[in-house]
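Visitor: Read top to bottom, the protein sequences are chains A and B. Counting in this note's numbering, the first sequence runs from 755 upward without gaps. Counting in this note's numbering, the second sequence runs from 82 upward without gaps.
Derived by calculation from the structure, the hints in this document are not laboratory data. A few of these clues could be false.
Computed Cβ-Cβ distance ranges for the label pairs, DEER-style [unchecked claim]: (1) Gln1084(A) / Ile152(B): 39 to 47 Å; (2) Ser1020(A) / Phe351(B): 35 to 43 Å; (3) Ser839(A) / Phe270(B): 35 to 43 Å; (4) Ala1117(A) / Ala309(B): 57 to 65 Å; (5) Pro156(B) / Ser791(A): 32 to 40 Å; (6) Ser1107(A) / Leu157(B): 49 to 57 Å; (7) Leu157(B) / Ser839(A): 27 to 35 Å; (8) Val210(B) / Asn1160(A): 35 to 43 Å.
Just so we're clear, the structure is a prediction, and the values are computed from it rather than from any experiment. All C-beta atoms in this analysis are idealised placements derived from N, C-alpha and C, irrespective of residue type, glycine included.
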Amino acid sequence: MGMKRAARWRAVTVGVGAVALTAGAAACSSGGGSSSSVAASAKQTIVFAESGLGTEGQQTQTAINAFEKANPNIKVTVQVLSSDSTTYLSQLEHDFISGSTTPDVFESDVTYPAKFAQAGWVLPLTQFKVDTSQFFQTEVDAGTFNNTLYAMPWFDNPEGLFYRTDLIKTPPKTPAEVVSDAQAAMKADPSLKEGIAFEADKYEGAITSFLTVDSAFGGKLDPSNVNTPGNVAALKWLHDAIYTSKIAPQAVTGWQEGQVQAQFSSGFTPFAINYPFVEAQPSAPAVKGHIGYIPFPAGPGGTPGSALGGEMLAINAKTAHAAAAYKLIQYLTSPSVETARAIAVGDPPSLPSAYTSALYAKAPYFKDVKTLNQYSQPRPVTPNYLQVSTDLQTLFSSVYANGSPNAASAAFSSGAAQIKTDAAATPGS
Amino acid sequence: MSDSQSTGNAATAVDGTATEGRPARAGRPALVKRLMPERRRPAPVGHARETSDRRLGYMLVAPVVILLLAITAYPLIYNIWNSFHFDNLSFGGLPHNFVGWSNFSKMFKSAQWVSALERTLVFTVVTIVFDIVVGLALALMMHRQFRGRGFLRASILVPWAMPTVVSAMLWKTMFDPSAGFVDYILGAFHPAWSSIAWLGANEWRSWIAIFIADSWKNIPFVAILLLAGLQVIPNDVYEAARMDGASWWQSFTRVTLPLLKPALSVALIFRTLQALLVFDVIYIMTGGGPGNSTQTLSFLNYQTFIINTDFGLGGAMSILLVLLALAVSFVYVRAFRPSTN
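The whole structure should be built from the sequences, with the hints applied where relevant.
Guide: So, in structure tokens, the structure goes:
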């Protein structure tokens, strides 16, 4: 008995080892491939990498099924990567670094194209003569590096200011009014826990919430010089919301968009800085039907503020199926497909023309989203965006943890040089 | 336990029958027969027999050894190579030139790295002392006879069985003043304590939150390890101590602790290495903030490697972490070496 069992274990060990080795060998041999280009009309299979889970993923699949029906010679294999953006990025990078010809076409966050372009991983879209005027300009800018378009806008998530229309009768027209309205609302309704909620955790959202208020103070997030009066005023406003006017709780320093949404949807706050997804979330009875969504109101010398988030579509520089891949992108970014996606899963179209009466009938808030899209500011377009982002996250989170009234100006003046260096770092430096 | 014993029996049975000629070899396991077919020559005796058995042994472990080399030795060596080269993926096309010690000197000169090192060391010392003391207390409690002991022993493992990402997320929510219970309970003592922002608002409070989340997960592991150690200490040693008139404290320090040394050393090594490499709980709870005040070595390493894709500098940081871990293990193994007399 004992002998038999021992033998079986040895067999299992050998078996497992063998399987692992073969699998490893197979994985190693799957890279590489031809790079000659295949015509769009030829019979072919392309791989499309995306991060969509749940209903978003299903909607993409529905669109792809329709695309395959219209283009019987092209078969699309969907490769679902992580829904966490940093993991998603490193999964893509692994493919690119290994020189893989797949995925042929992929989804990309608005902050990645410059990095991919600098590394030579994405195909310039010049050859397709894209008419960029049909898209919101800010997302086109996010996909443009050194005056060349590398990524097409897919959907466009502008961050802005949510407010409760039942508590705030007329939307605020200046940042100062946001403060006074919030204070008045808190006074009038003791069930409110705070006057405003925003993302101040140390993560990417700290940058977009800053960017949402930035242009309202005349600020601009240009990494070559972030230490401008506008940027300082914008960060000071957010800082003072915690420490001076006290309309925001200190707990915002641990909040990401999910917590901010929960505060707003639960009816705990009259104002929140967040993305359009809030509109589609289930909310408390008091909140339902009382949601307003506007660009952050401009102060003197500023313009209404909104931050650009969203997803783009780009083509692997090593693909042999560029023509077919572009055909898929064209299909996914056509007005009717974008409208259908917005109706089905709430992803805001990147094309003004996709904001149709059919969409408004289904979800009226898209009127507000369209307005916001005209104001939204992209994050700095630089190949080193991730480093710049880390610097900015560190800067913002240190300011939000610092009660001193001069925290914002001190942080910008001491942090600007590092941000400039990191943004400008080039090969060889 | 019984498994390894029976394997041992099988081996002696094969060896014992070997000298008596072939028929008895029918007792060899089927797989061994297939791998080493009977040959038409006298069965090897003594030394030759041992060598062929050894060769079979090597053959059987080879796949695992190769696999281990592929997934541990290769990356390690590759990393050492990286740490002496320029290799930054953001600049994909650039040649990976040899740069000597410059990645290391860049690291040692970086104020961020030095303060991350200090934080990591302090965190390690504080957590292991706390974890071992509390873990030992829990183990001593669970070692006693009482009703529901089995249930308690099983349930204490729940935090440890949970992925760190999940438990860190859980604690992040618990520490949120509007969603969690921490401030709710504190508020019951004093109203002003009901709205404390723990994460990202203050360096010390962030560390306390991280420390609690980390200990909550890891103390059960220490407790169970030490409990296992306590259970193998024979009862008659305690009886003898009692007959000699030893107090509880005396039998704890003179009997329990010395005999618990092997279990303690395992717990210490595991916990120290885990604490030195602490990453996920910080990544989830604070992202290294506020500012960089909760950034540890592993977190900085992640930033350098994954975010900045600087494999040269990141490689150097990893190598130093490995060296640090090796040094700690070495010290422990030395300190806990069983005395020979």
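Visitor: Each hint should be assessed against the structure and marked as holding or not.
Guide: Evaluation of the provided hints:
At roughly 43 Å, the beta-carbon separation of Gln1084(A) and Ile152(B) lies within the given 39 to 47 Å, and the hint holds. Evaluation of the 35 to 43 Å hint for Ser1020(A) and Phe351(B) yields a pass: the beta carbon distance comes to about 42 Å. The hinted range of 35 to 43 Å is satisfied by Ser839(A) and Phe270(B), whose Cβ atoms lie roughly 40 Å apart. Between Ala1117(A) and Ala309(B) the C-beta distance comes to about 59 Å, which sits within the given range of 57 to 65 Å.
Taking 32 to 40 Å as the suggested C-beta distance range, the pair Pro156(B) and Ser791(A) conforms, at roughly 36 Å. Roughly 55 Å separates the CB atoms of Ser1107(A) and Leu157(B), a value that falls within the hinted 49 to 57 Å. Between Leu157(B) and Ser839(A) the Cβ separation comes to about 29 Å, which falls inside the hinted range of 27 to 35 Å. For the hinted restraint 35 to 43 Å between Val210(B) and Asn1160(A), the CB-CB distance of approximately 39 Å keeps it satisfied.
Hint check: no violations occur; every hint is consistent with the structure.
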